[in-house]
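Novice: Okay, here's what each chain looks like letter by letter:
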Amino acid sequence: MGRRVRAPAEVGSERLRTFNKVLVANRGEIAVRVIRACRDLGISAVAVYSEVDRDALHVRLADEAYPIGPASPRESYLAIEKLVAVARRSGCEAVHPGYGFLSESADFAQAVADAGLVFVGPPADVQRLLGDKTRARRLAADAGVPVAEGTMESLRDLDAARETARRIGFPLMLKAAGGGGGKGMRIVRSSEELAPAWRVASGEASGAFGTAALFVERLIEHARHVEMQIVADEQGNVVWLGERDCSIQRRHQKLIEESPGPSVDDALRARLGDAAVRVARAASYRNAGTVEFLVDEEGRFHFLEVNTRLQVEHPVTESVTGIDLVALQFHISAGGALPLAQGEIGSRGAAIELRVTAEDARAGFVPAGGVIDLVRLPSGPGVRVDHALFEGARVPTEYDPLVAKIVVWGRDRAEALARARRAVRETVIAGVPTSLPFHAHALADPEFVAGRYDTGYVAARWDGSDPPELAASASLAAALVAVLARRRPPSAHADGVATAWQRSAREDALR
Amino acid sequence: MRYEVRVADRAYRVDLDASGRFLVDGAAVAAVASEVVPRREWQISLEGVSHDVVVLTREPLRLLVDGVEATASAIDERALAASPNARQQVSGRHELRAPMPGLLRAVHVREGDIVERDAPVITLEAMKMENEIRAPARARVTKLAAAVGAKIEAGAVIVVLSEVE
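Residue numbers (the numbering used here), protein chains in the order written: chain A, 13 to 523; chain B, 2 to 166.
Calculated from the structure, these hints are not laboratory results.
C-beta: ideal position from N, C-alpha, C; glycine also.
Any given hint could turn out to be false.
Unchecked claim - Pair by pair, the computed Cβ-Cβ distance ranges are: (1) Arg141(B) x Pro393(A): 48 to 54 Å; (2) Ala120(B) x Arg473(A): 16 to 22 Å; (3) Pro183(A) x Asp119(B): 17 to 23 Å; (4) Arg423(A) x Glu78(B): 55 to 61 Å; (5) Arg141(B) x Arg473(A): 24 to 30 Å; (6) Ser35(B) x Phe182(A): 55 to 61 Å; (7) Arg59(B) x Arg168(A): 23 to 29 Å; (8) Arg437(A) x Pro61(B): 20 to 26 Å; (9) Val37(B) x Arg473(A): 48 to 54 Å; (10) Asp119(B) x Gln354(A): 45 to 51 Å.
Said to hold, decoys possible - In silico DMTMM-like links for lysine to aspartate or glutamate, alpha-carbon gap of 20 Å or less: (11) Lys195(A) x Glu133(B); (12) Lys152(B) x Glu410(A); (13) Lys33(A) x Glu87(A); (14) Lys195(A) x Glu131(B); (15) Lys152(B) x Glu117(B); (16) Lys195(A) x Glu205(A); (17) Lys195(A) x Glu126(B).
Could you put together the complete structure from these sequences and hints?
Specialist: Next comes the structure, spelled out in structure tokens:
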């Protein structure tokens, strides 16, 4: 591994085992991503959709698509019986869950297996073991991997949390034992904050994971969130594919991910890889997964949790290793052995992913639904965009606000950053507010450019204000458009040769 | 028609006459405009320099100017005359609206309070997440339009703030 120049080993699709037909039990850009892997491998892809997703891109790209109910996730994308019924009825051999929804549900993995189908991901017992975040902490500690200080069991009640707080001190984190993804998670800086934080976190946890159970972890300030991609086959082989630094987050959810991590040297990378593989072996892990760590200011790392699914940010690793992780997931699920040994896995250059979400980056990243009525996505050397956008696409408020991922690759980080800036400048998404102004800001910020950032970056460096670089002439052009944009739609009788100005003035006269 | 226009932190007075000529702050501007995408995208040429401007969102008005996003507002003289509040909008009136349907979980201020820039004003629950909506500037709370526990429609005004020095 490391940054030594070495071409990644070839894993041609002809060497991979596959299926004939697969159910893609998800929506949005990840459903599109999985369908693309199916196409590459000659697999027939079956999509599902809720009432608000009838026109969605994944539905149109799939070979077959079936309705599964109302917009509410509980009645559609989380409805295990409906999904299994579609898979059986349409003659699928396997089910790919994507990320989110049922991707980390042991019950879903079990239901798929019970129906005689293959679940493309870790089996139910692994999901159950690692889905309990306190059991995962005990497992990692027993495997000799450093674990962030805190409780190794769920807390009985608020009094137990108070007792723990007295022992390890503030600031601390309250976290949901039932799952991750930033839900049911609160930072607590003083004893007064503990009771209200407990209430909010347990409420969020029971809504998101069906259990209100919480545990406590010491808050590591100025930490970096560094995670290690692993893949394990049915034969017991486990490899690591390099790290991603995911420290740029809002509400404990990621906005930017990159590999290599700017703070990770070859020695730390090897130690993180070794720790991740030890955790995977201890859990009898299968398929693709991610072991998450915090790296503190002294460069010490602490195990956080295992994400037992394909990650949103998997294209970062695909870009630097040249390995199609979704294709590899299918191969392993079909019983294939890992086609690569650890020593054959190379890494080239640097990759950065920017998550484009339908959120108002200038107003605290508040999610916003709406209709996309103009979309222009970037391309060119080193730019990949995974998305589910088209003009007229509705962004439903019922689901995750992620609408596109801009993934850039460069021979080094500087080239990747330049391509990222170019890509953001080319991107036009009109109709809903997005996270793009934040990305433009970060890519121009000397601290981010120098790789000096941690999980406190968004709070410390982004205030949502207008960018300083708007030139006087550009600003004036914008002022004129602000006036033109207030006009009503041009009438059917509009003179074809009239300039926008004349039409605008005429409409004024008619008002 | 006369407009008071704001782009980022710059203010303009724009007059549009019947022949389609523009005056900006009283001076004629030689500008050629073409509407590239109806009601969405314009190409504006100013003394030979061309700018691409896309309307990203209308409420609030956000423009993409040569690939750079900026906030803007344009209020015409009739609206200014009709509504005593409209002029304030140019000079620091802020309506905090629900960007999507949700539940009002908490209100952190009372009417008459002065809030600092970035101070939390309300907490709205949407998409299973609690979102704190913060003050865009140091401002006085002039109106609270909803109570804790209320279901909020998308676009509904929840709090009105007016900037103070």
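Novice: Which of the numbered hints are not met once you compare them with the structure shown?
Specialist: 7, 9, 13, 15
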